[in-house]
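K.L.:
Generate the whole structure from the sequences, applying the supplied hints.
Going down the list, the sequences are from chains A and B. In terms of my numbering, the first sequence opens at residue 96 and continues consecutively. In terms of my numbering, the second sequence opens at residue 7 and continues consecutively.
Only true hints are included.
Chain A stretches covered by chain B per the calculated footprint, using a threshold of three residues with CB under 8 Å from any CB of chain B:
#1 162-172
#2 177-185
#3 190-199
#4 213-221
Below, computed lysine to aspartate or glutamate pairings styled on EDC-like, alpha-carbon distance capped at 16 Å:
#5 K197/B x D167/A
#6 K184/B x D381/B
#7 K184/B x E212/B
#8 K180/A x E78/B
Stretch-level coverage of chain B by chain A, calculated; a stretch enters the list once three of its residues show a Cβ under 8 Å from a Cβ in chain A:
#9 152-160
#10 219-231
#11 548-560
Hints are computed from structural coordinates only; laboratory data are not their basis. Just so you know, even glycine gets a beta-carbon here, dropped at the ideal spot from N, CA and C.
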Amino acid sequence: MASWSDAAPSLPSPQPRSRPRPRPRPKPAPRRRPQARRGVAGGVVWIAIVAVLLAGVVALNVAVLRLNVQLDKLDTQRAHLRAEKQALASQLAMTAASPRIQLQAQKQFGLVPANPAETTYVRLRPRSR
Amino acid sequence: MSAKASNRRIRLLLGVFVLAFGLTFLRAAWLQGVRAASFGRLASSQHSEDVVIPAARGTIYDRTGLQLAIGEQAQTVYADPRQVTDPKTESTTIAQALKLDPNQVYQELTDRTHGFVYVKRKADPAQAAKLEKRGLPGLGFYAEERRFYPQFSLASQLIGYAGVDNHGLAGLELSLDKQLAGRPGRERIVKDASGQAIDTVVSQPERDGSDVYLTLDHTIQANAQTVLRDTVAKWHAKSATAIVLDPATGAVRAMATAPGFDANSYPQVWRVLQRNRAVTDTYEPGSTFKLVTVAGALSERLVSPSTTFTLPYYIHVADRTIHDAEPRGTETMSVSQILSRSSNVGAITLAEKLSQHRLVQWISRFGFGHLTGIDFPGESPGIVLPEDKWSGSSIGNIPIGQGIAVTPIQMASAYAAIANRGVWVRPHLVERIGASASTRPARRRIVSPWVASELMAMLKNVVAEGTGTLAAVPGYQVAGKTGTAAKPDPQGGYSDTRYVASFVGVVPASRPRLVILVSVDEPRGAIWGGVVAAPAFAEIAKFDLQYLDGGVPPDAPTTATASATATP
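P.N.:
Next up, the structure:
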């Protein structure tokens, strides 16, 4: 409020220009004009700062939104990959069962399981010194 | 204008602004304070969606790490009949793509009383993807997990199955449902005006179910199932059951029932085929139960293996006359021979010497009439008459395994206790759940190591020269006992045509690695445990001994073993 009162005398007179000017009054102290300029300049700076901050906030929100959209896409991708992994795990489990492998080996390569009665076990002993 | 007037105008303007801001502030406070909750709810219902994230169901592995039950992604297809524009064309397209009945689909699509109908739950993802590409109006898709059993009929009675809502309905899937199911998560998806997700707020993350590792070995299980299937076919039997047990740890390596079924198509299978008979069903054990009578008499030091008895062909007990299976004259038999020749008269003589009261105690001590505590749902404790319900003839039939009903797992663990130097170990199917360490199963001593070793020697004689010669495995010593029991007749008494043939054995008898029980229900052509079940035992044992740990070294003296000197 104080600044408004101080600045009041510097406002231009609303009287018509045609009227003879009174005797020129002594100009206000020259030191007050730079103060006003500084005030205006300060306001501009503040406006600029606030504008930058607002732009920053908007930019940040846009970035967050983009990231969220990206995250959603990645989530979908993860779900697809998980589904694919599960399908592959199922296939692997089906094919890795040893009875199935044995059956395939018998059919394709003529595997004959060893007869336990004819299996000989070799008992190894450490070499005597 | 004077400075005073200017100031007044400025103050007026200021007042207007203050008033405007004040009103705005009050409105904001009203909207965001007092009405915040209701408007918040309204807003969230318009631009946010609460989603339940299903937890992945844990996988069931065998002891080698092979998946026995696994979760698989499937697509559920639903429809909003009010949005469907051309039900006739759409139903034909859907039915073709998903292999459904077009008439049924048409009925569902034309029922405009509902805003949501399932077209097909857990459909094949490839079929659903093709259908989704058609972009039919009113049709929706969402992913769901489907339980899949990649080994099909392997151990299906044991593993059980999970239903359409992914909850266990039978077997281990049911008993371990809490651990396998995990906990579903929740998240809120914030959407923009076009319905695209712009933010995801996770309120509760999902926790996937724990994986379960079984003691089962799929190779041993598959072989047991094959042998049982062949045995059932050979003897035109009603069903057959086999258990392969590690006597030292109580770990079940195989638990098979024939005929089996594919767990992936459980709704089309009779319930009777889905039962794990090894745990839930009881049978009269017959002569395999004589082990209890002999163990009691030996432990009470009433007899030794070489104690002899003069035994006639038949014996009178109360109002009944019981005779041996094969006609013979009066003979002198040792306790060992009573077991190896499976003499009913001998076993009853031993039981009478033991007394009714002590026999009841020994039956209980072996675990008959009690749950073994195996980690499988629906276990039966068997049927054992309490002592006060015994009739005068009970001492004539219970010692030979009649008038008493046991489960196959009870019988297998009783023989496992003898193989394990007299220590009974609780049989179990689950090795561990998730990352938790496996727990040591309960154990208790039943008989002394001396009695156990004497019983093992007697059981070896059963296979070497008694009723169980067809259970012999070349290169290995086998100890075991045959059992043949007539089934109770619905009209009273026992059937003359329906029998249960069984064999329980231990291999290798010198250093027991496996206890194998085989029981065949209602075989035709032959009824004897030594003829029907013993060869099946030998088949299973032969394979398992060759497979286990790369081959279990033979312990039979007839086996030629080469000695060699190791060279580095």
